[in-house]
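Let chain F serve as the given structure and place chain H on it in line with the hints.
Residue-level listing of the chains:
Number of protein chains: 2
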Amino acid sequence: MTLRIAIVGGGAAGASAAARARKWSQDARITMFEAGSMITHAPCGIPYYVGGIVGDSSMLKTYTPAEFSRSRNVEVRTGARVTEVDLRNRRLRVEEGGSASYQEWDRLILATGARPAVPPVEGVDLEGVFTVRLPDGARALREGLSAAGTVAVVGGGYIGLEMADAARSLGKRVLLFEAMDHVLPTTVDPDVAEIIHEELRSNGVELHLSEPLVRLEGDGRVRRVVTEGGSYAADAVVLAVGVRPDSELAEAAGLRTGPTGAVDVNEYMETSEPDVYAAGDLVETTHLVTGKRVWIPLAPPANKMGQVAGANAVSPRSLRFPGVVGTAVTKVFRYYVGRTGLSDAQAREEGIGFESKLVNTRSAAEYYGIYETIHIKLTVERGSGRIIGGQIVSRDKIAAGYLDLVATMVSRGMTIDDAFFADLSYSPATSPVWHPVITAARVLSHGRL
Amino acid sequence: MTLRIAIVGGGAAGASAAARARKWSQDARITMFEAGSMITHAPCGIPYYVGGIVGDSSMLKTYTPAEFSRSRNVEVRTGARVTEVDLRNRRLRVEEGGSASYQEWDRLILATGARPAVPPVEGVDLEGVFTVRLPDGARALREGLSAAGTVAVVGGGYIGLEMADAARSLGKRVLLFEAMDHVLPTTVDPDVAEIIHEELRSNGVELHLSEPLVRLEGDGRVRRVVTEGGSYAADAVVLAVGVRPDSELAEAAGLRTGPTGAVDVNEYMETSEPDVYAAGDLVETTHLVTGKRVWIPLAPPANKMGQVAGANAVSPRSLRFPGVVGTAVTKVFRYYVGRTGLSDAQAREEGIGFESKLVNTRSAAEYYGIYETIHIKLTVERGSGRIIGGQIVSRDKIAAGYLDLVATMVSRGMTIDDAFFADLSYSPATSPVWHPVITAARVLSHGRL
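For the protein sequence lines, the chains are F and H, in the order given.
448 is the number that numbering that gives the first Met the number 0 gives the last residue of the first sequence; the numbers go up by one with no jumps.
448 is the number that numbering that gives the first Met the number 0 gives the last residue of the second sequence; the numbers go up by one with no jumps.
Excised from the complex, chain F in its bound form (with noise of 0.2 angstroms):
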């Protein structure tokens, strides 16, 4: 009999896992249910689009549905939203144009991904408050802000910086709002987070600190935005306090859900009920530091847990995912920041021993001339001198490649001893001939590497 599997989300994790699963099964019966009008679209570039980099909201997709369907054999079902997962009968209830059906599967693959959080305060469901979210509301969003002399950004992680960058790209005003004394606070920490407050400062983004968000105001549209420390004019605001998974329908269908509130999966994607994969931002994974379980919501471990759902579905826990170090980079203006492993306010939380220093050093030897500072710190545990975190800033693009090694340094747990000792390329047109990596893990070896 013909293998059914039935996909709920046609983002990075569910076409990941389609085109896995097509792999691995050339007769398996593949259908990809998507309630939006696009798949393996991807809303990384949504702020790209709205400063004006990507010109058509329409390029921030990998394939068109039609394009997918011919080249996976997949069947693909846009605007159509799964509304329930029937486990018994193992089938899923499906809206499309007006009516109701329903879809039996022999393996189910849940993949709908996160949404913004919205703060339970007042005033965000006025005209002009938007939140950051799929290619499909990009359009909106970037007439939105197009149309506003002032923008107002609440929350300084990664999206709201991104978005903070394209404001200016488009002349506007911008407030930037963090309720923690620092951006990215759950990720850097405050010495880094200052490099990034002067480019923001150095750039013409207010950036309001220490402010968390009371209400917004308006007469219909937004009109200010009050926060614990004022009262601010403007007539646009982006909310980008986080994301949450969208987890209703598989909490609905009884699927566990872990510590971090996202859907609980094991190594090989599976949920807590036979034949059902959940993957992507969806799902929680394990901390390869740690070993806790966490929710760290980025496209490229979707696109690896989709592959690893898709290949077990058609052949039962062939592949494992093995977890991550919470990798992430972005660009803010002139700077690329990366970090990985756990920051020394994430050491400290876990109760780990731990020094860290943030160093400066260059991107290519001193006299060569044409270089950027390279500001990095690595985090490692006391007396083993296992490295368990780097954070990077540097003008200089190379920092997301020692961002690469420094997570993949982490993954394997090298310690200052093994970075020192690494292998690692020099050329005076590239770097200084001591690494910025190895300089970062030889300050903290206290003058005896």
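There may be inaccurate statements among the hints.
What the hints assert, rightly or not - Covered stretches of chain H (in silico footprint by chain F; criterion: 3 or more residues with CB under 8 angstroms from a CB of chain F, positions within the stretch not fixed):
(1) 247-255
(2) 366-373
(3) 388-398
(4) 408-415
What the hints assert, rightly or not - Some chain H residues near chain F, calculated using beta-carbon distances under 10 angstroms:
(5) 19
(6) 52
(7) 62
(8) 310
(9) 318
(10) 319
(11) 325
(12) 357
(13) 358
(14) 360
(15) 433
Just so you know, the hints here were simulated from the structure itself, not pulled from any lab data.
All C-beta atoms, glycine included, are put in the ideal place defined by N, C-alpha and C.
Just chain H now, kept in the frame of chain F:
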């Protein structure tokens, strides 16, 4: 009694040894002998001085002898040529200022480095024929090339390519002769070299492959380069056909050399004689993929070997140098080109069953629009899937960071599955959502990943 440490050579390895010995011992008496006038010199920078990126050859160093002496409390003797290592009496014979003296030691560190190979053909002593060795001699090299109309570079290794680039920067007609059928013949494969060939040609370098040098002709001054392929007029010739360990002193003293011809040391940088260490371009080390002895003279391992020798001279067997994977990078016109581990050719020579594929990906998301092609090739052991080598070429400098990442994957024995699941960074501005290194690993999984 005060420990007397003598170091022969003031380059990367020698100066690192001196600095580290001092860090580990406040009271050792450390003396460093350097035949030339500069220490902590950076021969890697010579092409950039010749090409005009570096204004003055005196910039090609980290410290003056006086600075180093003062800051490290090390006696630095420049212009001091060590002519004999007397093992029985534990003393060096040193010629300086026209007279000879003897210097006793309790620990000896040899760091005499490497010197350019000179091909055994007629005419290499003609005026206008240069090698690239030390910053001391860089001014003559720059003046010699500046005065020429046509510069011939013999040898298509790293230094040959960098000198061809430098000579074009000076506005010269440039002929580049390589005996083998592609540039970087001992380190990269033909498919990768082909990208560099195009770059050389499109930047006006007249590339002559498969043309071994037969002789140089002239009338006191060099006038012609004769190869197996023809006879070519040239006003200046740069010989860049490789380097050799500068091991006369060590060999005369009876120190054991290894299969590569360089001085044999163990992981503690101990030579075959008690209390005699050697480090840097003078010595061979272990290749971490093959386990074999290799001689790969480069600045970063030289610096680290120096550190190990310096530490162990003070406190025996306290640090270990684990070996190398042969990571190297350079910039050739607009391209960064790097390699690590084994090339296909090297894997073949080692009798290792392998597969590899050169893939072309991007240095940012396609919709982001601002990116360069990343050409990346991984070489993988058949069966185990272990990554044993990588070659990367791109106009985006991030390629050097990716090279470091692959070098670490190779060193740590990571497989294509490990690479696929590595938690690497992504933002639309820095990479495609499928990271270039992951893409290179995936294509070797035959549809599994």
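Taking the hints in turn, this is what the structure says about them:
no. : hint    : in the structure
1   : 247-255 : violated (count 0)
2   : 366-373 : holds (count 4)
3   : 388-398 : holds (count 4)
4   : 408-415 : holds (count 4)
5   : 19      : holds, 8 angstroms
6   : 52      : holds, 6 angstroms
7   : 62      : violated, 12 angstroms
8   : 310     : holds, 8 angstroms
9   : 318     : holds, 8 angstroms
10  : 319     : holds, 8 angstroms
11  : 325     : holds, 7 angstroms
12  : 357     : violated, 19 angstroms
13  : 358     : violated, 17 angstroms
14  : 360     : violated, 14 angstroms
15  : 433     : holds, 7 angstroms
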